[in-house]
Amino acid sequence: MRVTMTVNGHRMDADDVWEGESLLYVLRERLGLAGSKNACEQGECGSCTVFLDEVTVCACLVAAGQAHGRSVRTVEGLAEAGADGAPGLSDVQEAFVAAGAVQCGFCTPGLLVQTEDLLRRTVAAGAGAPSDAEIREALAGNLCRCTGYEAVIEAVRLAAEWTERGRPAGGPARGEAR
Amino acid sequence: MTTPTPRTPVPVHSPREAPSPVHSPREAPPSPASSTPGGVGSSPRRPDGTLKVTGEFAYSSDMWMDDMLWGATLRSPHPHARIRGIDVTGAVRMPGVHAVLTHEDVPGEKRYGLEYRDQPVLAFGKVRYRGEPVAIVAADHPETARRALDRVRVDYEVLEPVSDPVRAAFDPDCPLVHEAGEDLPPAHPAHHRSGNRVRYQPVRTGAFADGATAAEVRALADVVVTGEYQVGMQDQAFLGPESGLAVPAEDGGVDLHIATQWLHVDQSQIAPCLGLPPEKVRLTLAGVGGAFGAREDMSMQVHACMLALRTGRPVKIVYNREESFHGHVHRHPARLRYEHGATRDGRLVYATAEIVLDGGAYASTTAAVVGVASSLGLGPYEIPHARVDAYGVYTTNPPCGAMRGFGAVQACFCYESQLDRLAAELGLHPVELRIRNAMSEGSRTATGQRVDMPLPMADMLRRAREMPMPPERAAAGPVDVRALPGGVANTSRGEGVRRGVGYGVGLKNLCFSEGFDDYSTARVRLEVVGGEPAVQVHTAAAEVGQGLVTIKGQIARTELGVERVTVLPSDTRVGSAGSSSASRQSYMTGGAVRAACLAVRARVFELVRAAGLVGDDHPDELLGLAGGKVVSGARGVLVSLADLLGASAVEETREFRHRATEMLDPTTGQGASHTQFGMCVHRAVVDVDVDLGLVKVVALDAVQDVGRVLHPQQLAGQIQGGSAQGLGLALMEEIQVSGSVIRNPSFTDYLIPTILDVPPMRIEVLEHPDPHAPYGLRGAGEPPTLSSTPAIVAAVRAATGRPLSRIPVRPEDIVGIERD
Ligand code: FES
Ligand code: FES
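Going down the list, the protein sequences come from chains A and B. Note that full-length UniProt numbering has the first sequence beginning at 1, numbered continuously upward. Note that full-length UniProt numbering has the second sequence beginning at 1, numbered continuously upward.
Calculated directly from the structure, the hints in this document are not laboratory data. Wrong hints could be hidden among the right ones.
Each pair of labels, with its calculated beta carbon distance range [what the hints assert, rightly or not]:
#1 GLN42/A / PRO760/B: 27 to 35 Å
#2 GLY65/A / PRO175/B: 24 to 32 Å
#3 ALA63/A / THR748/B: 17 to 25 Å
#4 GLN42/A / PRO185/B: 34 to 42 Å
Computed footprint of chain A on chain B; a stretch qualifies when at least three of its residues, placed anywhere within it, have a C-beta under 8 Å from a C-beta of chain A [unchecked claim]:
#5 39–48
#6 57–71
#7 237–243
#8 649–660
#9 742–748
The beta carbon of each residue, even a glycine, is placed where N, CA and C say it ideally should be.
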């Protein structure tokens, strides 16, 4: 079958999709978007988390056909265009690197999407920065084997602060060579 | 030919400081101060960080080529069976299937192995564990490959599994996992191989060395405690599954893009199996999604290469999670018996330990694990009379090998439990008893090795005890159930919840031991790019998440005074870097990068003399490199590197070795077998729901001596990540094996700590330099994994009064329900 979706703002078609294929498989193996990860493919680790119509889902649990005609946003769609139009890291992406929350990085794409969602529901919605307990609750479905989560929590706090007050200039920049 | 998804060489430009989470009471002055930004001691940004947060970093499972095929592996459904025949015809006939291979198709050596070549590439004769690879398939879609596996017919004669490691160790009538006459290579003569024993290593000191019996030595003590302990099978549970892409090459060889811990040891095992010379098997490190020991042994490496060579097409293999549980070695589960005797005033007199490690079906690193478990089996304590007997055995259980802590973890849980029992008997605080018996610089381990580096154990224990405590739970007022055992499951609102505090100390060897020729290689190139000096660092070392890629850049900046450093992808075009294990890469590859930089420096100074900028006899010691310039102490800037080098480059390659170590004596276990010792102390605070057996770890604080901090932020990540894995072993992580079959091969049933399970972790880092090591550093990744487990279990004991001699601790152990 053919599956058509809007992925990170672009219309994309995948042909010859077998009914058993997951959204994760189609993103990774048919559309060349390997950023969403495949740590368990059982809905247990959160490494494949993407936005489906702006709601976070485990892409490994969504059949590709279910995403037909819908809009998907992945880790590849998180970077923002800076003032100069060059792509730059979002606050959440930058905060994860700056806080040391990225080791092997396999959990990172899922954590970034989930954090983006948390901050949208809290700081960006005017509800203030999430408490540590709220951060833990929001990220409870995302496994990380490397960091022990301390740096992850620090990264979310930092991203919340930047979202609220702006990212300090001279600090980690947007538009930096990637 | 198209190339696979490229791995961008990682530029390490414009380092930025990250805030340091490490509180570091500096006890000794650091070795060379870093003046170049982003050098040793600072926390520059990870060079692969940006790619990892944009989703562009190419992990081994992300590799993709236009015409590639998918490989899949048929695994044995039986833990122990004879193979009578394999029929692949049904699979071969399926449309979309390009190859179906069995042991008959292995072109070269039929077996491989890290230390001992006993593991079949594809099973022949017998299968010895459930999940052992029997046949492999390449097809144009992963689902086609999986369906083809269903059509391979294997005729098995099922044999009784050998599931009990204690029986395997001691019962002469136990069936053999590897039968006589199987044409295996000879075992190391010092390993006492016999029956199902892979290695037996005794250690004897004091009266035990003179042949005294336990009863005779026991008479010397006022107080004796004994304990029998069990350690469950822990999984490394890295998130990035085993995977890679093999690409056939025009010269008849193969290029493999792979996630591994040691490229060259893979190459040295793959090439003979393929019947190819090593230079025709070229490996490039693909992005590695964590390792923790599980990638020391090979998984799909030879299989992907065989399929690629047979089909003439690139072949990708990616394990799923269930397959991953069967596709790599685990931490050895262990049965252990300990006895400690002390005087009334709390001085240890003697200790004995019997340690049985279940190695499963193939040797993997079992012999080396026995070497660590025996030599460090009694921990960091001064004990006049010691007796240890450590056994590693074959069974038909899942194969076990390396995992963070490597044989020291199992023992640490036991000796720390013993010290707590002894402290209770003596009415001493557990920290006080440990301090009275603590090793320090100049002490000798049970193997007679003198500790010739700082070991401030007593001070570390005092610091751990004095760290601020988390606030008490409020006796009244509103309850936040999220902070209680059971969390939002709302199983308690505080009733039945008791708090406990516990301590743990662990001693870990760092770098490879027992006479291994342990080295790393680095190539460093200095040249002028766009008018600016720039450095390239090339090694074969595996970046597995730990941040070695950052450290290499920092060292180059510090030694060459050049900010712009590019770390090239790791591959086999440069000499071996050894394994990313044993906490050794900062020491070894760090040491190699430093040595190569120093050689480049010396060449630069020769150029300075040759150019007449200083006299011919002007010594190197009076010259320096800083800010991209050559400086002289007396005369300031002599010349910029850009002007000095012009269009020429200076390149040097160096091998770095640590000092030699010795084998353990096969009968007394004496010998300076270790390179370096690392230590961490933990204090755990827990709340336990004593009615339901649920535990909430409230705090898990650590004191660790790392000799010298290279990157404060990454160091904190190692300590916190290691502590969390120790928490998992204490409270939840166990591969449940019954009848030699894994019962929980999924993240639904094998639980690793989530963000709700891991508490805030305070860290205090000490820096007492090791005079033998580059920059005085000590490997840091493993020690926290040892000590956090016993600290947490001790805290649960303190809260509940239960003996808890088995890890992971289960709810029924806490509430006291018997189970067999
Ligand atoms: S890969 Fe989807 S939840 Fe793990
Ligand atoms: S950084 Fe490796 S799993 Fe999270």
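Practice task
Please write out, lowest number first, the hints stated earlier that are contradicted by the structure.
Solution key: As far as the earlier hints go, 2, 8 are violated by this structure, in ascending order.
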